[in-house]
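Asker: Residue strings, one per chain:
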Amino acid sequence: MTTYALRRLLHTVPAVFIVVTLIFILTHVVPGDPVGVLLGPYADQERIEETRERMGLDRPLWVQYVDWLSHAVRGDFGDSFFLGRPVSQAILEAFPVTFSLAILSITLTVLVAVPLGIISALKRNTMTANATMAFSVLGISIPDFWLGFLLIMLFAVNLGWLPTFGYKPLSEGFWTWLRYLALPVITISLSQMALVARMTRAGMLEVLDKDYIRTAHAKGLPMSRVILVHALRNAFVSILTVIGLSFAIVLGGALIVETVFALPGMGRLVVAAATRRDYPVIQGVVVYLALVYMLVNLVVDIAYGWINPRIRYE
Amino acid sequence: MNRRLFTIFTWLLVVSLLAACSPIPPSAPVAEQPSDSASTSTETSDPGEPQRGGTLFVGLMQSLQTLDPQSTTAHPTPHVALTIWEGLFAFGKNFEPVPELAESWSSSDDQMTWTINIRQGVKFHNGKELTAEDVKASLERWLLVSPRASGLKIMTGIDVVGPYSVQLNFSEPIGDVLRRLLADDGSKAVIMPKEIAEASPQNNLTEIVGTGPYQFVEYRPDELVRVVRFEDYQPIDGPSNYQGGMKNAYVDEIVFMIVPESSTRIAGLEQGDLHIILGLPETEFPRIQADDQMEAIVLQPPGYLWMFFNHQQGPMTNIKLRQAVMAALDMEIVLRQIKSDPAMWQAFGGLFPPSSSYSTAEGSEGIYNQKDPAKAQQLMQEAGYNNEPIRILALQTEEALYRACVAVAEQLNEAGFNAELLVYDLATWVAKRAEPTEYEFFITGGPNTNPLNLATPVGGTFPGGYSSDRATEIFAQMRVATTDEELKVLVADLQKVVYEDVGIGHLGFQHQLMAIRSEVQDPNSALPLGVLTLHNVWLQD
Chain A
1 MTTYALRRLL HTVPAVFIVV TLIFILTHVV PGDPVGVLLG PYADQERIEE
51 TRERMGLDRP LWVQYVDWLS HAVRGDFGDS FFLGRPVSQA ILEAFPVTFS
101 LAILSITLTV LVAVPLGIIS ALKRNTMTAN ATMAFSVLGI SIPDFWLGFL
151 LIMLFAVNLG WLPTFGYKPL SEGFWTWLRY LALPVITISL SQMALVARMT
201 RAGMLEVLDK DYIRTAHAKG LPMSRVILVH ALRNAFVSIL TVIGLSFAIV
251 LGGALIVETV FALPGMGRLV VAAATRRDYP VIQGVVVYLA LVYMLVNLVV
301 DIAYGWINPR IRYE
Chain B
1 MNRRLFTIFT WLLVVSLLAA CSPIPPSAPV AEQPSDSAST STETSDPGEP
51 QRGGTLFVGL MQSLQTLDPQ STTAHPTPHV ALTIWEGLFA FGKNFEPVPE
101 LAESWSSSDD QMTWTINIRQ GVKFHNGKEL TAEDVKASLE RWLLVSPRAS
151 GLKIMTGIDV VGPYSVQLNF SEPIGDVLRR LLADDGSKAV IMPKEIAEAS
201 PQNNLTEIVG TGPYQFVEYR PDELVRVVRF EDYQPIDGPS NYQGGMKNAY
251 VDEIVFMIVP ESSTRIAGLE QGDLHIILGL PETEFPRIQA DDQMEAIVLQ
301 PPGYLWMFFN HQQGPMTNIK LRQAVMAALD MEIVLRQIKS DPAMWQAFGG
351 LFPPSSSYST AEGSEGIYNQ KDPAKAQQLM QEAGYNNEPI RILALQTEEA
401 LYRACVAVAE QLNEAGFNAE LLVYDLATWV AKRAEPTEYE FFITGGPNTN
451 PLNLATPVGG TFPGGYSSDR ATEIFAQMRV ATTDEELKVL VADLQKVVYE
501 DVGIGHLGFQ HQLMAIRSEV QDPNSALPLG VLTLHNVWLQ D
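Line by line, the protein sequences are chains A and B.
According to the numbering used here, the first sequence is numbered sequentially starting from 1.
According to the numbering used here, the second sequence is numbered sequentially starting from 1.
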């Protein structure tokens, strides 16, 4: 297992390298640079050119690339042009917000969507099943920002139960952390639930017709054991893929939710960096994203083997 | 049966969801109000004794590009920076320069040397006392990093002539307008400790230390800035006067929160998570105004909106075509598309709004707001216009500027032009307007209270490349003008030049909006004056 994991990690290096190079070229080729944004729209051209030179942005592209790469391989991603701090620090500060969102939303999603999917598979063609699926379609159809506003208006403004926006770290108390994340997490989860519920239902439907399920029933096993141990476990491989993907997507930054709820997460960090051409941050985040996807996929692949012993890796 | 029940249930759900969406109230026009300070006053009838204490939460609409006020004019940096730093001068409530860290000043007879004496006993937030060395280092840094430094490029040097006295030397005479340049809150020439000024590169400060009534505590980029009252603040004796005068620092702490989504900012204000919000959409103005827990405010002065024609290349180098553009436009329609309520815009041809002491329409008569498409077509013919695309660079992220571009493009197309809107984000927009091959004109603007600030767009180095020898002479005269009346005459002269040349196309003025909760007391009515001035604001229990 360890060798498998290490081999996977090694295979990621060329992939990350290609992505990072492509992004570097793209961001520098696109018109605009950070200087115009830094100085504001009323700066004159002379000052813009001077600043560009001071920041090393007038050097040939390959020189800038080699300079960046030679530092990046040593873990030094440079300083942000705008944030007044190293890129790694900016990412480390945004990461807990995004990670909190991701872990809470995936937990809520799994807790709600998997049972819903199971129920709708067991009681297929009944009103329960159809209502469950209708609910999941609703979840995926409602736009994030609209749902976010609706939740703010109801729970924050009208009822006053929860704060309107913002983020409080775990260090300020568990319940405070949870209260501030409740509405954004519900917003994200609702669309995730749709997908996970449907995958659960599809997976379960496929498995429930299998011979070993009939055998389990015939042996007199309790229904809960048949469903949870024998059926779900076999269906879980496809469900896990979707869960992993959803988790990775949120870890990359949920921009709309972060904007609506004013959360200082990875989504806003990377979009702000792209908009203002904060090249060091863009590059750093790309590396972070590549590593995140690689790691999540690796964990999911290993989990496959754990859930279903028939899947084994050398 | 089940299926039918289910269908009925689904339709009921859909209908109830639609019914739950409350109708958007039509934006009732605000009753016509004269745009003087009385109608935008935030004075309450009986605010009572000011209360010290509490934390003020302010909702800003976008992230700070930098916390360093010297190196950018971009908002919202000035809103935050003015709580932490001070300059030699600041704006009083009529945007006249008033002393802040300066105590007295004088110039030589030839107006090429200015001596400024600073107040004694003023402390920085790090406990150090303010001396002339700090002033010299700060001003030198400002000259290096400020986008407005070209306004003072005639400054040749700064000398320390005493522990609390600096001498500014110039290559050309400069009058009292120097104080106005130093007071300007856009890229303000704030004073910081010498060690920080010398060690800090462009756009970043090694430490955030000023002399202001609040001191820096924390900056989480894209999230918040926190400042707390500076207990050793040395106020000026005398009444408060907008950015200058007495600063009481009633609230203990101010937290500026970045809340990019306007609906969330408004929800935060309604719920009480925020006390003040900037960037109030016009559609919300009547509702907030009608709510007795909140108050909507129209900001002064209104921002100008200008078309910057491309004088370097393309069809707009032809003055007849520029004249055609000005002939075609109905400015009221343009402005009404930016803000639907007439109380929030002014179709006025002078480059300073009616409320300004430099306000005059001289030079603009007959050219501004002609609404004459027939004349435009005739001028287009005379210019030999052959349907070349008129590319308008539109900045997507500034709503007023973007709407102005859309409105102008529409009218130009109706008049027979081939106007094309090119919409970009800020970084691309700035890059494109630096390339004369990429556009025919762009629109930008904002509030301006200083005639000398006009030297930037008319100096030849600003994108568009408009310059005029006559205008340059007028600016030289402005530099040595001593009274507002003199300046007003010079502004009229400048307007005549700019309008005759059709150097830029002035569209008019529009007001920004903000909102506050009713607990916020602003006895000096500083909040409607534009840049947030929080040092005399207090929270009522």
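The hints are simulated quantities; they were obtained by calculation from the structure and are not laboratory data.
In this text, all values refer to a predicted model and were calculated from it rather than measured experimentally.
Don't be surprised by glycine CBs; every beta carbon is placed ideally from N, CA and C.
Wrong hints could be hidden among the right ones.
Unchecked claim - Computed footprint of chain A on chain B; a stretch qualifies when at least three of its residues, placed anywhere within it, have a C-beta under 8 Å from a C-beta of chain A:
no. : stretch
1   : 60 to 73
2   : 194 to 208
3   : 220 to 228
4   : 380 to 390
5   : 517 to 525
To be verified - Sample of chain B residues facing chain A (criterion: CB under 10 Å; computed from the structure):
no. : residue
6   : Gln-120
7   : Gly-121
8   : Ile-258
9   : Pro-260
10  : Leu-274
11  : Ala-361
12  : Glu-362
13  : Thr-397
14  : Thr-437
15  : Thr-461
Asker: Has the stretch 380 to 390 of chain B got at least three residues whose CB is nearer than 8 Å to a CB belonging to chain A?
Answerer: With 0 residues closer than 8 Å to chain A, the stretch 380 to 390 of chain B misses the three-residue bar; violated.
Asker: Mind checking the CB of Thr-437(B) against every CB in chain A and telling me if the closest is under 10 Å?
Answerer: Status violated, d = 12 Å.
Asker: Tell me if the interface restraint on Leu-274(B) is satisfied: Cβ within less than 10 Å of some Cβ in chain A.
Answerer: holds (8 Å)
Asker: When the nearest CB of chain A is found for Thr-461(B), is that gap smaller than 10 Å?
Answerer: Holds - the Cβ of Thr-461(B) comes within 10 Å of chain A, reaching about 4 Å at its closest.
Asker: Under a C-beta cut-off of less than 8 Å, do 3 or more residues of the stretch 517 to 525 of chain B approach chain A closely enough to confirm the stated coverage?
Answerer: violated (count 0)
Asker: Does Ile-258(B) pass the interface check with chain A, least Cβ-Cβ distance below 10 Å?
Answerer: holds (6 Å)
Asker: Given Pro-260(B) was flagged as interface, is its beta-carbon under 10 Å from a beta-carbon of chain A?
Answerer: holds (5 Å)
Asker: Would you say the stretch 60 to 73 of chain B counts as covered by chain A, given the rule of at least 3 residues with C-beta under 8 Å?
Answerer: holds (count 7)
Asker: Answer holds if the nearest beta-carbon of chain A is closer than 10 Å to that of Ala-361(B); otherwise answer violated.
Answerer: At about 25 Å, which exceeds the 10 Å cut-off, the nearest Cβ of chain A leaves the hint on Ala-361(B) violated.
Asker: Gly-121(B) was flagged as interface toward chain A. Is the shortest Cβ-Cβ separation under 10 Å?
Answerer: violated (31 Å)
Asker: Are there three or more residues in the stretch 194 to 208 of chain B whose C-beta lies within less than 8 Å of some C-beta in chain A?
Answerer: holds (count 5)
Asker: Taking the closest Cβ pair, is Gln-120(B) under 10 Å from chain A?
Answerer: Cβ of Gln-120(B) sits 32 Å from chain A, so the hint is violated.
Hint compliance for this structure: hints 4, 5, 6, 7, 11, 12, 14 are broken, all remaining hints hold.
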